[in-house]
Structure formats: C-alpha cells, structure tokens
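Chain by chain, the residues run as shown.
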Amino acid sequence: MKNPLDSLWGTVIAGLVLTLILYNVVKFAMQ
Amino acid sequence: MDFIQLGLGRWLHVMAGVMWIGLLYYFNFVQVDALKAAAADNTGAGITKHVAPRALFWFRWAAAVTWLAGALILGQHFFEAFFFLKSTYYPIGVGAWLGTIMLFNVWVLIWPNQKKIVGMVAATDEEKNKSRRLAFLASRTNTMLSMPLLFFMTASGGVFRTAVFG
Numbered sequence: 148m149k150n151p152l153d154s155l156w157g158t159v160i161a162g163l164v165l166t167l168i169l170y171n172v173v174k175f176a177m178q
Numbered sequence: 015m016d017f018i019q020l021g022l023g024r025w026l027h028v029m030a031g032v033m034w035i036g037l038l039y040y041f042n043f044v045q046v047d048a049l050k051a052a053a054a055d056n057t058g059a060g061i062t063k064h065v066a067p068r069a070l071f072w073f074r075w076a077a078a079v080t081w082l083a084g085a086l087i088l089g090q091h092f093f094e095a096f097f098f099l100k101s102t103y104y105p106i107g108v109g110a111w112l113g114t115i116m117l118f119n120v121w122v123l124i125w126p127n128q129k130k131i132v133g134m135v136a137a138t139d140e141e142k143n144k145s146r147r148l149a150f151l152a153s154r155t156n157t158m159l160s161m162p163l164l165f166f167m168t169a170s171g172g173v174f175r176t177a178v179f180g
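Top line first, the protein sequences correspond to chains A and B.
Counting in my numbering, the first sequence runs from 148 upward without gaps.
Counting in my numbering, the second sequence runs from 15 upward without gaps.
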C-alpha cells in the first residue's frame, strides 16, 4: 500500500480524516 | 499580568505560529515540488544553498517560540490541559499535544536530517538519501497534524469552544 504522505493530497485528506476523528473523540469525552 | 500572559502571549503565539506553519506549508506545498523540477535541469543548488537554510532557521526557531508562548498562555492551567484533568481543557489539551509532537518532529527529526541534506554536517550519499526520506516524512506528518492542530487551537477559546463542542 502506498504511503498517503508521499502525495500532497494524500497528506491533506489524512489531515482532514484525523481532524474528524479527534473532533468526535473530544466531543464525546466532553459530554 | 493577564495583559502579558494572555494578551502579549497570545499575540506572540499567533505570530510565531503563522511563521512556523507558513514555512511548513512553504516546504510542503512549494519547495518539495520546486526541487523535483529543479533536479531535472540542475538549477536546485540556489534553493538548497541560499533559500532552504534561511527558511529552516526561521522555521525551527518559530516552532520553539510558538510552543513556549503557548505554554505561557496555558500558565497555571498547563497541567490541566496536558493531562486532560478538566473537560473544559480537552480541546486545547489535544492542540497542545499535537503542537508538542510537531515541535519534537522539527527539532529531533527534521532539523538534524536537514543539516546532512544541505551539507552543514558531513554525510555519505547513502546517509543523505536516508535523511532526505526521514525529513520528508516528518515534514509531511507535521503538515497532516497541522490540520487538527489549527482546528483545536481555533476552537478552544470561549464562544468558539461553545460553538464547536457545545
């Protein structure tokens, strides 16, 4: 499997996905 | 005291942060592709010799100032944020951890390897290639982490936190 960080768009998409995951984790933890 | 800690501290944090992340984006969105194109016609020496070392200087020191100013802003709440001791500080705690990981990447992974790449430290071609890959991945990791970092930084204070996290 290709490393998504090798591509700029792969990096941006990985960043967006990570943001979404962390947002939901923090929102859930704050409830 | 609040004026220095929260007023000037936040101002410095944002200014240094803009320089840090701005240069990070310059490396990832501009310089990587520019060096690839320059390698094709052997014009990359100018970037490697004159641009990269200056950009790296401001990049790594801006990273350090950003982190220190962030720690100053957290002040007496530093441990509550870093160790998630109070739910109010969860968003900024995540932001602070992301910033800390990124600072580590800058000073421990990117900078020592970049010194070999630009010739500030002696290295064989094989070592340079290894350093190039490692510094590249650390830099790309920081670009990825900068997205949640900026999200949590901008969604951590007062009305912004309430709007985003309820």
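These aren't lab readings, by the way, just hints derived from the structure by calculation.
Each hint should be verified, as a subset may be incorrect.
What the hints assert, rightly or not - Result set (BS3-like, lysine-lysine): computed pairs, CA atoms no more than 27 angstroms apart in a straight line: (1) K129(B) to K144(B); (2) K142(B) to K130(B); (3) K50(B) to K144(B); (4) K129(B) to K63(B); (5) K50(B) to K142(B); (6) K129(B) to K142(B); (7) K100(B) to K174(A); (8) K50(B) to K100(B); (9) K63(B) to K130(B); (10) K149(A) to K142(B); (11) K144(B) to K149(A); (12) K149(A) to K63(B).
Claimed, not checked - Here are some, though not all, of the chain A residues that point toward chain B, as calculated from beta-carbon distances under 7 angstroms: (13) K149; (14) L152; (15) I160; (16) A161; (17) G162; (18) L165; (19) T166; (20) V173.
Computed from a prediction, not measured in an experiment: that's the story for all the values here.
Think of the CB as a built atom: it goes at the ideal place given N, C-alpha and C, for glycine as much as any other residue.
>> If you test the structure against every hint from before, which numbers come out violated?
In response: 8, 12, 13 and 15
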